[in-house]
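Undergrad: What follows is each chain in one-letter form.
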Amino acid sequence: MVALSGLLVTVRSAKQGAEMMVNKLGAEYWREVSTLRMHSEDMHQLAVSTGQTVRIASSHGEAVVSCQEADVPRGVFFLPLGPVANQLFSGAHTDGTGVPDWKRLPVTIERCETLAPALPEVSAAVAGAARAATGESATTGTGETVVHSNVVCTFCGCLCDDLEVEVRDNRICKVKKACLIGRNKIMHAQSNAPVPSVAGRAVTITESVSEAARILREARFPLVYGLSSATTEAQRLLIEIAEIVGGTIDNPSSYCHGPGVMARQQVGLATCTLGEVKNRADLIIFWGCNPLEAHMRHLSRYSSQPRGLFTPEGRKGRRIVAIDIRPTPTTKAADQFIQVEPGTTFETATLLRALVRGVRLGIGDDALVAGVPLPIWRELAAAIRSCKYGVIFFGLGVTQCRGRDLNPEQIGVLVREVNDYTRFYAIPMRGHGNVAGANQVMCWQTGFPLAVNFSRRYPRYNPGEFSILGHLARREVDAALIVATDPGAHLPQDSVQYLREIPTIYLEPHNNTTTGWATVVIPVAPAGIAAAGTMYRMDNIPLRAKKLVHSPYPSDEEALRAIKERLLHA
Amino acid sequence: MDAVTTTVTLSLKEVPPVPVEAESLIPEQVAGKDEAHIGRLPLLVGKVPETVADWFHVSVSQTAGTAEGTAEGTAEDAGHTALVLRGDLTRFKRLGEGMSCGRMVVDGPSGFHTGARMSGGSLIINGDAGDFSGAHMRGGLLVIRGNVGHYAAAAYRGETKGMRGGTLIVAGSAGQMLGARMRRGLICVLGDTGDVTGFNMKAGTIIVTGTSGARVGARMVRGTVVLLSGAPALLPTFSYDCTYQPVIWTLLHRYLAQQGFAPVVDPWTRFRHYSGDANEGGRGEVLVRDPS
Amino acid sequence: MLRIAHGRVYDPQHGVGGEIRDVWIQEGKVVAPPAMVDAPTIDASGCAVMPGGVEIHSHVAGAKVNTGRSICPEDHTDHFRLHTDVTRAGCGYTIPTTFMTGYEYVRLGYTTLFEAAVPPLTARHAHEELRDIPIVDTGCYTVMGNNYLVLKVLSDPDEARRRERMRELVAWLLQATRGYAVKIVNPGGVENWKWNQDVTDLDTAVPPFGVTPRQIVSGLAQAVEELGLPHSIHLHANHLGEPGNVDTTLATMHALAGHRVHFTHLQFHSYDITQRGGYASAASRIAECVNAHPEFTCDVGQLVFGPATTMTSDAPMEFRLHHLQKQKWVNVDVEMETGSGIVPMVYRPHTLVNAVQWCVGLELMLLIRDPWRVFLTTDHPNAGPFVAYPLLIRLLMDLDFRRSWLDRLHPQARQYTCLHELTREYTLEEIVIVTRAGPARALGLPRKGQLGVGADADVAVFRLQQDWQSTFSNPACVVKGGKVVWRDGEVVDSGAGRALGIDLAAGRQLAPDLAECFERYSTVKLENYAVEDEYVPDLELVACR
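Residue numbers (the working numbering), protein chains in the order written: chain A, 1 to 570; chain B, 1 to 292; chain C, 1 to 545.
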């Protein structure tokens, strides 16, 4: 049997995002996150064609996926992030940072005799038994249609605030102006709510709150985790609870954009708000990100199309460069696509610093850096120096690339140094709707943006040591309160396995890969749909998300307040 | 090194299920105290304050002819005290943190922050040690006979300068970010190292006998990294200067031999000299053993 | 009812300067002494009793403060507070977390606190943080000096129309942001920075409209006066921190003569330039001008040796500072409005520049004669942390102590300063004015900073100790809104303070052409811009004049 070795890279795709919002336990979602993109020659070597299955294995686990031919480099394979990819990762391998090798996992691939990826079995194995979908919201029965305008979409860090949502009889029936993912999120926000339960047994909300408080009270080293899709009002309560129980509090930026946050602690960051990009930027560099699939209105609202105050020509007045390891819709929309080898972000940033300042190089003019000839980098460095207002947008291709926080650190120094010549900034492409808010609230209340521990009754910080993946890998925590995230799908399989061994309390509006096994499940009203509250955009602008419909369930804030009261006064 | 007159031995009763913060376990804290008193030293087990006696068997033995300690604890010179810990101490953090004198030995693996901020004395780990071991060391000798984790002898988050003095010797391998942001001191690893060895060094010396990962000396300002097993590709901001026999190597070899860790490489070896990181001024050096 | 008995009461507003008398409190207000009532009593014998402190300028809440916290974890590690039954945990020395900020201010006897600079686009964030600062009443100032719509309106050649539109725009911006006052930071200079232009003087034409800083400060000062706002414009002038900036500061003062203006952190704006381009004190020239203009108030921004974190909307200034420091630097350009920058610093007495700066601040405090017009601040955390106030009070009151500090300075500092010649010592009454009564009056807060009948029951009681620093470091008791919040060295009650805003006529609208401009060029919808009621629960509105 031919076995092919190479690197696995996890990515977002538009379909993965869109289906995630419809049903995390549905076939469409699982099909998309089980689809491995490969170069046609690699597939030929394995004697497989599009749609056929292969077994992919790393040193931590294996999965069966179906392959799809794609325009990607040889020896590099792409799988959407999610529960299938997570079978291959380990939360113990983070080089002490709390961030796994999401963008460069060594794997081997073999043809597999299974006809199709075992979707139902895989989903059952990971998600546990699915709960019956109930929780349809009561209708008001008056027949009136309310149109909410200037609605804030809470899916991604764009936080588009111009949506129109039609509600009839307390049901959302139409969404306008949103991207596909945002529309799916809002249209499906009211369906598929979990049943409040303890150990699989249906209970009342009050009983679930009681049990949650009991679990937290008895723990010796509890974990509070999540936050990134909750309002800041709910996030504040989560921090308070972590403080009361003397545990660790962490959020998903810990393994996503946390490296960017850590880099800021070393070098700072020169940045601007999105409106400055719209109004002034004449050079945009998308580095390790693919907004056309993950932040779908970013280019039209902020970074590419808009005619701004001082950019009346719109798209034509901007030069757009995309740096990535494979072609994507974003690279195709750019004026220039620089295709780099995987794992070379740090080398690229190092070289650009040197070229911008004319510093001595130890390589010849015929050398390649990141697999790209020097003249291309020289030209980019010259364009950076001579632009009027340049902005780098960086994504997980930078923060999760080999070197992790050192990549945005080196980019941060580059950006700082270019400011000797012109205005030049960087903005992180924050993924979730309020992960920027999670970092903000944690900072103003605890002093630190992630990985904070309260065992000594005051906040202490250390990524790796107090990151969720570090705690889980070392099997240190003995209870977990999880809100506004889906660890069953997004954490490595061994981290999820450990979470399943300890008591967990889970607040969540929809059935997903975690509701099937969490010890206590509390359904909550989805933020920005049935609960108002504050969210922070990727550039840290705060907006108020509205309440559009009523939910029979408490908001995160209300549920957490109830848990806190039980903790303090039981 | 002061003559040891008192040996305090703590034997772990059982491995705790949660992390333990054990910064009270340094020679200064046990010097001149009797077993009961030592047993009352604090440990933070998860979030619960407990004591040494809850987790360790404590025994104090005197070298013949010396005075015994008292219940109160006299102001005896901690420099004459040896503190020995036995057991699987992987979950124990901050062992030896901030110690300034005396001798401490861990017979077994130790956890995060082993010997962090130590300023004197010697700390020997007869096993693996966790991440951030030796972080911000200021003096003394830290020897890890097994492997050490990531960020060994590195700076904590937000700090621009790390290790300021002392010697770290790792008989096994080290992870990434070894000696990151150090400004003085000596680090020697007999095994391999991970990526970015010597990241953003301000000064100091790092010797790697085995293979080193990618991006050695990235962002280094000054300082010396000596690679004895050939060259990984250096960053584009490192330039080759010459091949020569550096005196510093002869001196380092002699020093390490005195400590009992002589690298199996000729003291008069020739090295290829690279200057870098040019982005930070280019006054650092990476010496790569010349294969010829 | 609550009685604070037998203390030496200092209430400069009412001419009370240390007489032994009781202060009676009921339902959160100071009341006249009742005929015969048995009430819980705090024995203030041997203590000074004064109104709670009023912090007129501090950076404690909002986007740039929080970015400062996030980039400086090392600021937090050694300074922290434990979680207790009454108080939340916290940490930070120069940039304390929100809970810690409230407790530390209360520990100094302060009960009212204003965040000095809030960009409208991030006002929601500032208010979220202010809600998490416990106990003290809070408010914030809205930055307008580089606002695109302000510049647009100022470019209107028709004077009458311009003034009317400025009034409407300023009122709308304040209402939308729930701001208490108009803040101006490096007028025109931050906008210039975005165009990669270096120098902004009072008469520099700033793109895109060619409006000058002179026009900006005059236009905003007029609008504030015409609206009758309780506080004047709060001005951080051009060329902060640069040697020789005294000329710009004096020119700005002359441009605004006759208008109420509050010049903030004046120490940073009071430098002469030496022959070699170094720093010398121009405090006497500045003090002379302030003394001659009773319509001006100022706060000093006194340097404190040790760590500090500079953070300001003055982005170009921070960029320059970064080049001197070569460490971390943050810059955030905020669309259509302003910018910000952060650079951590350490001030040292043997660094000549810092020694001169330290002298400048104290010279200003000693040479400006009217304590009702010069207030004690450190522009926290720019010149130093507010926790240093007791030290600064002792430096002002105790000449011998001040002289001992002069000996620690770089020996050449004497050549460029005159502090060593000044012998004035502040009286306790004057300290009460520069930390409470004066700021309250300048802010137009009638019920703060004084202990007459009807005043808010915010009272600080200090046991007199061997030196003034010790006295002011640990109040015997602090009362906020009639409740004892600090006693015996700790916080005993940690409720929420109130939000302080201005009572402008409701329903202020943005002019249609400006609204259209906003909708087209901002990236948030106008409907989502203004801060909603939920962010300012317990709002108290102060009337305009």
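Don't read these hints as lab results, they were simulated from the structure.
Warning: the hint list may mix true and false statements.
[As the list claims (entries may be wrong)] Chain C stretches covered by chain A per the calculated footprint, using a threshold of three residues with CB under 8 Å from any CB of chain A:
no., segment
1, 119–131
2, 328–341
3, 360–370
4, 520–526
[What the hints assert, rightly or not] Only pairs whose alpha carbons sit at most 27 Å apart, straight line, appear in this in silico DSSO-like list of lysine-lysine:
no., chain 1, residue 1, chain 2, residue 2
5, A, Lys547, A, Lys564
6, A, Lys176, A, Lys546
7, A, Lys177, A, Lys564
8, A, Lys15, A, Lys388
9, C, Lys483, A, Lys546
10, C, Lys326, A, Lys176
11, A, Lys332, A, Lys388
12, A, Lys15, A, Lys176
13, A, Lys174, A, Lys547
14, A, Lys546, A, Lys174
15, A, Lys546, A, Lys564
16, C, Lys326, A, Lys388
17, B, Lys161, B, Lys202
18, B, Lys202, C, Lys326
19, C, Lys29, A, Lys316
20, C, Lys326, A, Lys174
21, C, Lys483, C, Lys152
22, C, Lys525, C, Lys29
23, A, Lys388, A, Lys177
24, A, Lys316, A, Lys177
25, A, Lys388, A, Lys316
26, A, Lys176, A, Lys564
27, A, Lys547, C, Lys29
28, A, Lys564, C, Lys483
29, C, Lys525, A, Lys177
30, A, Lys174, A, Lys15
31, A, Lys388, C, Lys29
32, A, Lys316, A, Lys332
33, A, Lys316, A, Lys547
34, B, Lys161, C, Lys152
35, A, Lys388, A, Lys176
Note that CB positions come from ideal geometry on N, CA and C, so glycine has one too.
Undergrad: Take the hints in turn and mark each one as holding or not.
TA: Outcome of the hint check:
1. 119–131: The restraint on the segment 119–131 of chain C holds, since 6 of its residues have a Cβ under 8 Å from chain A and three suffice.
2. 328–341: holds (count 9)
3. 360–370: Violated - the segment 360–370 of chain C has 0 residues with a Cβ nearer than 8 Å to chain A, which falls short of three.
4. 520–526: Held - the segment 520–526 of chain C has 5 residues with a Cβ nearer than 8 Å to chain A, which meets the minimum of three.
5. A:Lys547 with A:Lys564: Holds, at about 24 Å.
6. A:Lys176 with A:Lys546: 16 Å, holds
7. A:Lys177 with A:Lys564: 39 Å, violated
8. A:Lys15 with A:Lys388: 36 Å, violated
9. C:Lys483 with A:Lys546: 36 Å, violated
10. C:Lys326 with A:Lys176: 49 Å, violated
11. A:Lys332 with A:Lys388: It holds: about 24 Å lies between the C-alpha atoms, which stays within 27 Å.
12. A:Lys15 with A:Lys176: 19 Å, holds
13. A:Lys174 with A:Lys547: Holds - the C-alpha atoms of Lys547 of chain A and Lys174 of chain A are around 16 Å apart, at most 27 Å.
14. A:Lys546 with A:Lys174: 16 Å, holds
15. A:Lys546 with A:Lys564: 25 Å, holds
16. C:Lys326 with A:Lys388: Holds - the C-alpha atoms of Lys388 of chain A and Lys326 of chain C are around 24 Å apart, at most 27 Å.
17. B:Lys161 with B:Lys202: Status holds; Cα separation ~7 Å.
18. B:Lys202 with C:Lys326: 14 Å, holds
19. C:Lys29 with A:Lys316: 64 Å, violated
20. C:Lys326 with A:Lys174: Roughly 53 Å between the alpha carbons, so the hint for Lys326 of chain C and Lys174 of chain A is violated.
21. C:Lys483 with C:Lys152: The hint is violated at about 48 Å.
22. C:Lys525 with C:Lys29: Outside the cut-off at roughly 42 Å; violated.
23. A:Lys388 with A:Lys177: The given pair, whose Cα atoms are some 32 Å apart, is violated under the 27 Å limit.
24. A:Lys316 with A:Lys177: 24 Å, holds
25. A:Lys388 with A:Lys316: The given pair, whose Cα atoms are some 15 Å apart, holds under the 27 Å limit.
26. A:Lys176 with A:Lys564: 38 Å, violated
27. A:Lys547 with C:Lys29: 39 Å, violated
28. A:Lys564 with C:Lys483: 25 Å, holds
29. C:Lys525 with A:Lys177: With a Cα-Cα distance of about 14 Å, the restraint between Lys525 of chain C and Lys177 of chain A holds, given a limit of 27 Å.
30. A:Lys174 with A:Lys15: Holds, because 20 Å separates the two Cα atoms, which is no more than 27 Å.
31. A:Lys388 with C:Lys29: Violated: Lys388 of chain A and Lys29 of chain C sit about 57 Å apart, past 27 Å.
32. A:Lys316 with A:Lys332: Distance of about 16 Å is within 27 Å: holds.
33. A:Lys316 with A:Lys547: 39 Å, violated
34. B:Lys161 with C:Lys152: 48 Å, violated
35. A:Lys388 with A:Lys176: 35 Å, violated
The structure fails to meet hints 3, 7, 8, 9, 10, 19, 20, 21, 22, 23, 26, 27, 31, 33, 34 and 35 from the earlier list, while all remaining hints are met.
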